[in-house]
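Chemist: Residue numbers (the working numbering), protein chains in the order written: chain A, 1 to 296; chain B, 297 to 605; chain C, 606 to 843.
Since the hints were made in silico from the structure, they are not lab data.
If you're wondering where the values come from, they're calculated on a predicted model, not measured in any experiment.
Among the hints, a few may not be true.
[As the list claims (entries may be wrong)] Taking lysine-lysine and the BS3-like style, the derived pairs with C-alpha atoms no more than 30 Å apart in a straight line are:
1. C:Lys736 - B:Lys599
2. C:Lys763 - C:Lys634
3. C:Lys820 - A:Lys178
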Amino acid sequence: MGMPLDLLLEAVLFGILLGGFYAAVSMGLSVSFGLLDVPNVAHPAIMVLGSYCTYVVVSKFGLDPIVAGLALTPLFFILGMAIYRFYYELFERRGGREAGVRGIAFFFGFALIIEVGLILVFGVDQRMVEAPYIGKSIDTFHDIRIPLRTLTVFAVAVVLTIALTLYMSNTFTGRAIKAVAQDEAALRLMGANPVRIKQWAFGIATAASVIAGAMLIIVGPVEPGMDRVYIGRTFAVVVLAGLGSMTGTVIAGLILGISESIVLMHPVLGASWAPAVSFLLLLVMLGVRPQGLFGR
Amino acid sequence: MRFWIGAAIVLAVLVAVTATVQYEYFFFAGYTVLMFIVLSTAWNILGGYAGYVNFGTPAFFGLGAYSAAVLYKATAAPLVAQIALAAVTAGALGFGAGLLTLRLRGIFFAIATIAVTVIMETVFNNWRYAGGATGLQLLRPPPIAPFESYIKMLFVVMGIAAITAVAIARYIERSWLGRGLRAIRDSEEAAEASGVPTLRLKLAACTISGALMGVAGAPMAMYLSYIEPASTFSLNYAIGALASPMIGGTAHWLGPVIGAAVLSTLQQIITVTISNETNVLLVGVLLVVFIVAAPEGILGLFKRFFGKR
Amino acid sequence: MSALLKIGGLSKNFGGFAALTNVSIEVAKGERFGLIGPNGSGKTTLINCVSGLLRNDAGSIVFDGEEVSRMPAYRRTRRGIARSFQVPRPFRTMTVLENLLVPSAYVVHMKDSEGEGRAMEILRSIGLADKANAYASQLSQVELRKLELARAMAAQPKLLISDEAMAGLAGAEVDEVLAILFKLNEQGITIIMIEHIMQAVMRFSQRVICLDAGKIICEGAPAEIVKNGDVQKAYLGA
Numbered sequence: 001m002g003m004p005l006d007l008l009l010e011a012v013l014f015g016i017l018l019g020g021f022y023a024a025v026s027m028g029l030s031v032s033f034g035l036l037d038v039p040n041v042a043h044p045a046i047m048v049l050g051s052y053c054t055y056v057v058v059s060k061f062g063l064d065p066i067v068a069g070l071a072l073t074p075l076f077f078i079l080g081m082a083i084y085r086f087y088y089e090l091f092e093r094r095g096g097r098e099a100g101v102r103g104i105a106f107f108f109g110f111a112l113i114i115e116v117g118l119i120l121v122f123g124v125d126q127r128m129v130e131a132p133y134i135g136k137s138i139d140t141f142h143d144i145r146i147p148l149r150t151l152t153v154f155a156v157a158v159v160l161t162i163a164l165t166l167y168m169s170n171t172f173t174g175r176a177i178k179a180v181a182q183d184e185a186a187l188r189l190m191g192a193n194p195v196r197i198k199q200w201a202f203g204i205a206t207a208a209s210v211i212a213g214a215m216l217i218i219v220g221p222v223e224p225g226m227d228r229v230y231i232g233r234t235f236a237v238v239v240l241a242g243l244g245s246m247t248g249t250v251i252a253g254l255i256l257g258i259s260e261s262i263v264l265m266h267p268v269l270g271a272s273w274a275p276a277v278s279f280l281l282l283l284v285m286l287g288v289r290p291q292g293l294f295g296r
Numbered sequence: 297m298r299f300w301i302g303a304a305i306v307l308a309v310l311v312a313v314t315a316t317v318q319y320e321y322f323f324f325a326g327y328t329v330l331m332f333i334v335l336s337t338a339w340n341i342l343g344g345y346a347g348y349v350n351f352g353t354p355a356f357f358g359l360g361a362y363s364a365a366v367l368y369k370a371t372a373a374p375l376v377a378q379i380a381l382a383a384v385t386a387g388a389l390g391f392g393a394g395l396l397t398l399r400l401r402g403i404f405f406a407i408a409t410i411a412v413t414v415i416m417e418t419v420f421n422n423w424r425y426a427g428g429a430t431g432l433q434l435l436r437p438p439p440i441a442p443f444e445s446y447i448k449m450l451f452v453v454m455g456i457a458a459i460t461a462v463a464i465a466r467y468i469e470r471s472w473l474g475r476g477l478r479a480i481r482d483s484e485e486a487a488e489a490s491g492v493p494t495l496r497l498k499l500a501a502c503t504i505s506g507a508l509m510g511v512a513g514a515p516m517a518m519y520l521s522y523i524e525p526a527s528t529f530s531l532n533y534a535i536g537a538l539a540s541p542m543i544g545g546t547a548h549w550l551g552p553v554i555g556a557a558v559l560s561t562l563q564q565i566i567t568v569t570i571s572n573e574t575n576v577l578l579v580g581v582l583l584v585v586f587i588v589a590a591p592e593g594i595l596g597l598f599k600r601f602f603g604k605r
Numbered sequence: 606m607s608a609l610l611k612i613g614g615l616s617k618n619f620g621g622f623a624a625l626t627n628v629s630i631e632v633a634k635g636e637r638f639g640l641i642g643p644n645g646s647g648k649t650t651l652i653n654c655v656s657g658l659l660r661n662d663a664g665s666i667v668f669d670g671e672e673v674s675r676m677p678a679y680r681r682t683r684r685g686i687a688r689s690f691q692v693p694r695p696f697r698t699m700t701v702l703e704n705l706l707v708p709s710a711y712v713v714h715m716k717d718s719e720g721e722g723r724a725m726e727i728l729r730s731i732g733l734a735d736k737a738n739a740y741a742s743q744l745s746q747v748e749l750r751k752l753e754l755a756r757a758m759a760a761q762p763k764l765l766i767s768d769e770a771m772a773g774l775a776g777a778e779v780d781e782v783l784a785i786l787f788k789l790n791e792q793g794i795t796i797i798m799i800e801h802i803m804q805a806v807m808r809f810s811q812r813v814i815c816l817d818a819g820k821i822i823c824e825g826a827p828a829e830i831v832k833n834g835d836v837q838k839a840y841l842g843a
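The shape of chain A in the complex, shown without the other chains (with noise of 0.2 Å):
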């Protein structure tokens, strides 16, 4: 492999770290594109969007990060209604690929728009914030360093997927969102309003956005760019687990994570071609088994 046996095990550690982040950043995805078929290229987007709003209610207010995140649900959730009511009114409703193409070259655009926005606000240069778990590191086996708010983001994103899938599970609505995606017509004979059902889930899918971005800000200093390379890991991983599937993200995060984090590591490859791990893997997944791993 090229790699001595300790820095593979680092790798893999981290790569398990970093992969369950990958997983809680692409549980939005999953349930936007993945179940609901909304072509949301403007996830990342949003979700560097909640990085930055993280990073003014922590500026002004002294909140820590993930308090602030969690903060901003409400907001953001709201936001994830208004915005799929648009893509609904607008290109959903009227049907055929011209929507098709249309409703992709929108978001598109949006994220274009969020993107360059926060460019003018902010200006390119990077932004973090501060907290008690940021800088510190607690030492493991082998020697290995994990840095606290590695762990910090883990632990957030753990309890984000178990309450993302309880909710999806246990709940009427949750469920009401897995049976909208499968079947619409028969909801509809129901007397449940398939719309109304999906504007929600696309609410909770931008909510659980900004509490990605909180993570995000977390792990490291975030730039407005920074949605385009998550561009490739949240569909690398909505793709490579199959649409729908909530366990297949879990799963599919950590694959991501695990391979890119030995990427990263490997004395020869090293970072000048992690960027390109998401985006390989995601062709591969295309190429070969398009449904993914777990997929309807």
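Please build the complex by placing chains B and C on the supplied structure of chain A, with the hints as guidance.
Modeler: Same frame as chain A, but now just chains B and C:
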């Protein structure tokens, strides 16, 4: 017939301009506009006619540029050969990417095109012969007579490329191929049920589109006397190639031309007078506004106001 | 009479869900064949497998003596299988006439000059001639249904599968569409009709098959099918 007369006039004007105008910046700006006309027209063949959105214009453009650059570095081949190679490599990339993903829904193809771009950029970042991340310096040969400056020559070359691209798009649009692509765009399943070999047509459109984008990229290395991955595979090409047809109009070959001319000129003015970020913001806003309010683009607006058909 | 379409042991699964299980049907050349079954019984899945939009997981589909189950849909259309869609899928940015030019160019390989004449004939025969230059997006429900059939006819098929062409139409409109199908059959085209409107199926079909939960539960002449207990149970519940 009218088209060819018009094309001849345009070519004559371009050549005449090189003989009379001496202001160098005009040719740099003009080259950029013409280049975006080629890119937008190429994009529209797959995006507008068939309805498959391509975010990966930089991949084909960049591959074309690097093919030309590497060929020149290795063999000092003339510009024509560079362009030919660029068309072949970028066309092959279009075919390969299409084969991999055109069987899937449109959005997967769109995301796959982003993937191809990043992978391309990473490959060239790591290829030392092509200059790696730091880039490659190239010495331009002297311009071919009767052109006095290389940039004037490139200006006319790109003009010819633009006319060729538009002619190809126009031919496709009016032919059975165009009707098949439109059927695919309107309802792919109904198209298959009506005997349209959808995968083949999509592959054809993707290959032609990719090849033309490669042609647009080929002179880039000579234009700058320098090539490096980050700016060659820049997202700006993806944005320009997508926004221009969506703003100008996707149903007719004139749409991308108008869109590219308007947008490219606007972009250059704003970048110079205000800032590059504002320029991208403007494009984003215009794109969303047109998608929402004027889905048929500038051409569609003309149709509505003047009742042309 | 020889069999134009022979489906043997056809099965189709979606994930864990068995949409079709071991379906075997023979349709004779020139026959008027009816396919009924409650919602979700697999009728549309069956046609999607026959026309090629879906690949069957097991079994064979032999059309006009040729095994077609591995063929892409467009090739099957060129061999003579045409279908209309349950929810009409017109080419919205084209006119009615242009809609028909797609199959005439891609299936019958006619040049537009020839194809237009043939298309106008078809439009006249179904009463859409005056809408020839209207955009498909401007048509009414009935007109869209007729366009679906017209487009299938333009492919000069040997077999036409009509998927709920009359759904949601009122009495006189149902008669109109039925008359078109009868006329086509007289010209020698084999027709498989999928319908919920029982009186239309009974009037039209020489033979009827009833599907339920992906399996064939009954086969025979229309009068027998209507009286069959299993069929009544499938439609009305237990």
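Chemist: Confirm or reject each hint.
Modeler: Verification of the hints:
Our distance criterion of 30 Å between C-alpha atoms is met by Lys736 of chain C and Lys599 of chain B, whose separation comes to about 22 Å. For the hint pairing Lys763 of chain C with Lys634 of chain C, the CA-to-CA distance comes to about 8 Å; that is within 30 Å, so the pair holds. A distance of roughly 27 Å separates the Cα atoms of Lys820 of chain C and Lys178 of chain A; the hinted pair therefore holds under the 30 Å criterion.
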